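Sequences listed follow chains F and X, in order.
All letters in the first sequence, in the order written, are residues 1 to 114 by this note's numbering.
All letters in the second sequence, in the order written, are residues 1 to 113 by this note's numbering.
Rather than coming from a laboratory, the hints here were simulated on the basis of the structure.
Here the structure is a predicted model, which is why all the values come from computation and not from measurement.
Hints are supplied without guarantee of correctness; some may be wrong.
To be verified - So the derived list for chain F, only partly shown, Cβ under 8 Å to chain X, looks like this:
| # | residue |
| --- | --- |
| 1 | Leu33 |
| 2 | Ala52 |
| 3 | Thr56 |
| 4 | Gly85 |
| 5 | Phe88 |
| 6 | Gly100 |
| 7 | Leu102 |
| 8 | Phe104 |
| 9 | Gly105 |
Glycine is no exception: its CB is placed at the ideal position from the N, C-alpha and C atoms.
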Amino acid sequence: GQQLNQSPQSMFIQEGEDVSMNCTSSSIFNTWLWYKQDPGEGPVLLIALYKAGELTSNGRLTAQFGITRKDSFLNISASIPSDVGIYFCAASNAGGTSYGKLTFGQGTILTVHP
Amino acid sequence: ETGVTQSPTHLIKTRGQQVTLRCSSQSGHNTVSWYQQALGQGPQFIFQYYREEENGRGNFPPRFSGLQFPNYSSELNVNALELDDSALYLCASSLVANQNEQYFGPGTRLTVT
Numbered sequence: 001g002q003q004l005n006q007s008p009q010s011m012f013i014q015e016g017e018d019v020s021m022n023c024t025s026s027s028i029f030n031t032w033l034w035y036k037q038d039p040g041e042g043p044v045l046l047i048a049l050y051k052a053g054e055l056t057s058n059g060r061l062t063a064q065f066g067i068t069r070k071d072s073f074l075n076i077s078a079s080i081p082s083d084v085g086i087y088f089c090a091a092s093n094a095g096g097t098s099y100g101k102l103t104f105g106q107g108t109i110l111t112v113h114p
Numbered sequence: 001e002t003g004v005t006q007s008p009t010h011l012i013k014t015r016g017q018q019v020t021l022r023c024s025s026q027s028g029h030n031t032v033s034w035y036q037q038a039l040g041q042g043p044q045f046i047f048q049y050y051r052e053e054e055n056g057r058g059n060f061p062p063r064f065s066g067l068q069f070p071n072y073s074s075e076l077n078v079n080a081l082e083l084d085d086s087a088l089y090l091c092a093s094s095l096v097a098n099q100n101e102q103y104f105g106p107g108t109r110l111t112v113t
């Protein structure tokens with residue numbers, strides 16, 4: 001079935017550093033999304049991307065929808081302690097007669113040292 | 001605006017039993033999706049409901065079933081529980097016009113012993 005390969009699996013960084021993580025697939029998707037999940041909570045939507053090549057920002061977060069429609073990356077600038085959590089990429093081909101099934105990556109565990 | 005809520009928060013069941021999990025969608029959202037998240041993994045799509053009917057299903061057996069009610073709330077039922085069903089069950093709601101942007105509830109942690 002469809003799978004998303006997310007890397008790195010985990011990151012240990014100092015407060016103030018920039019972070020980059022990415023997600024690749026062997027299949028084409030028409031939407032890419034990035035979520036953050038804190039312990040004991042559900043994933044929270046950070047950014048949604050709808051067009052190949054699109055670059056979208058949300059505060060210190062920037063994400064891009066790859067031109068081949070098979071990948072996406074997420075950058076976090078000037079990390080702070082509250083950025084700690086698990087970041088998931090997700091992708092979908094919902095639209096028209098196709099229902100909204102999200103396929104998720106395995107997650108990137110981010111630890112920020114003060 | 002009310003977010004997605006789920007109940008119960010935690011649940012412990014014995015193998016072979018049946019369980020019902022509940023979800024109230026975000027206000028204004030008419031589509032509900034259910035996901036299973038095993039420890040250390042990303043969520044896996046179970047199924048989606050729209051207009052009280054199943055609108056798509058992932059790779060889960062028929063003992064996983066659901067309902068959606070006229071107020072868009074939803075239930076996930078699992079029969080004949082197995083040990084591998086232990087997981088966090090997440091409900092997500094969205095607008096049918098934009099099924100990609102799904103907003104998740106806090107989840108129900110199910111433990112099967």
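**Message:** Under 8 Å is the threshold here; is the Cβ of leucine 33(F) close enough to any Cβ of chain X for the hint to stand?
**Reply:** At about 7 Å, which falls below the 8 Å cut-off, the nearest Cβ of chain X leaves the hint on leucine 33(F) intact, so it holds.
**Hint check: 8 Å Cβ-Cβ cutoff, glycine 100(F) to chain X** = Hint on glycine 100(F): holds, closest Cβ of chain X at ~3 Å, below 8 Å.
**Asked** Are glycine 85(F) and chain X close enough, Cβ to Cβ, to be under 8 Å, as the hint says?
**Response** violated (14 Å)
**Request:** Answer holds if the nearest beta-carbon of chain X is closer than 8 Å to that of phenylalanine 88(F); otherwise answer violated.
**Result:** This hint holds: phenylalanine 88(F) lies near chain X, its Cβ roughly 5 Å from the closest one there, short of 8 Å.
**Prompt:** For the hint on leucine 102(F), does the least C-beta distance to chain X fall short of 8 Å?
**Reply:** This interface hint holds because 6 Å falls under the 8 Å limit.
**Message:** Is the interface hint satisfied for threonine 56(F)? The criterion is a beta-carbon contact with chain X at less than 8 Å.
**Reply:** Nearest chain X Cβ about 13 Å off; hint violated.
**Item:** Status of the glycine 105(F) interface restraint (C-beta, 8 Å, chain X)
**Value:** holds (6 Å)
**Asked** Against chain X, with CB atoms and a cut of 8 Å, does the hint on phenylalanine 104(F) hold up?
**Response** Because about 3 Å separates phenylalanine 104(F) from the closest Cβ in chain X, which is inside the 8 Å limit, the hint holds.
**Request:** Grab the minimum C-beta distance from alanine 52(F) to chain X and call the hint holds if it beats 8 Å, violated otherwise.
**Result:** violated (15 Å)
In summary, the numbered hints that this structure violates are 2, 3 and 4.
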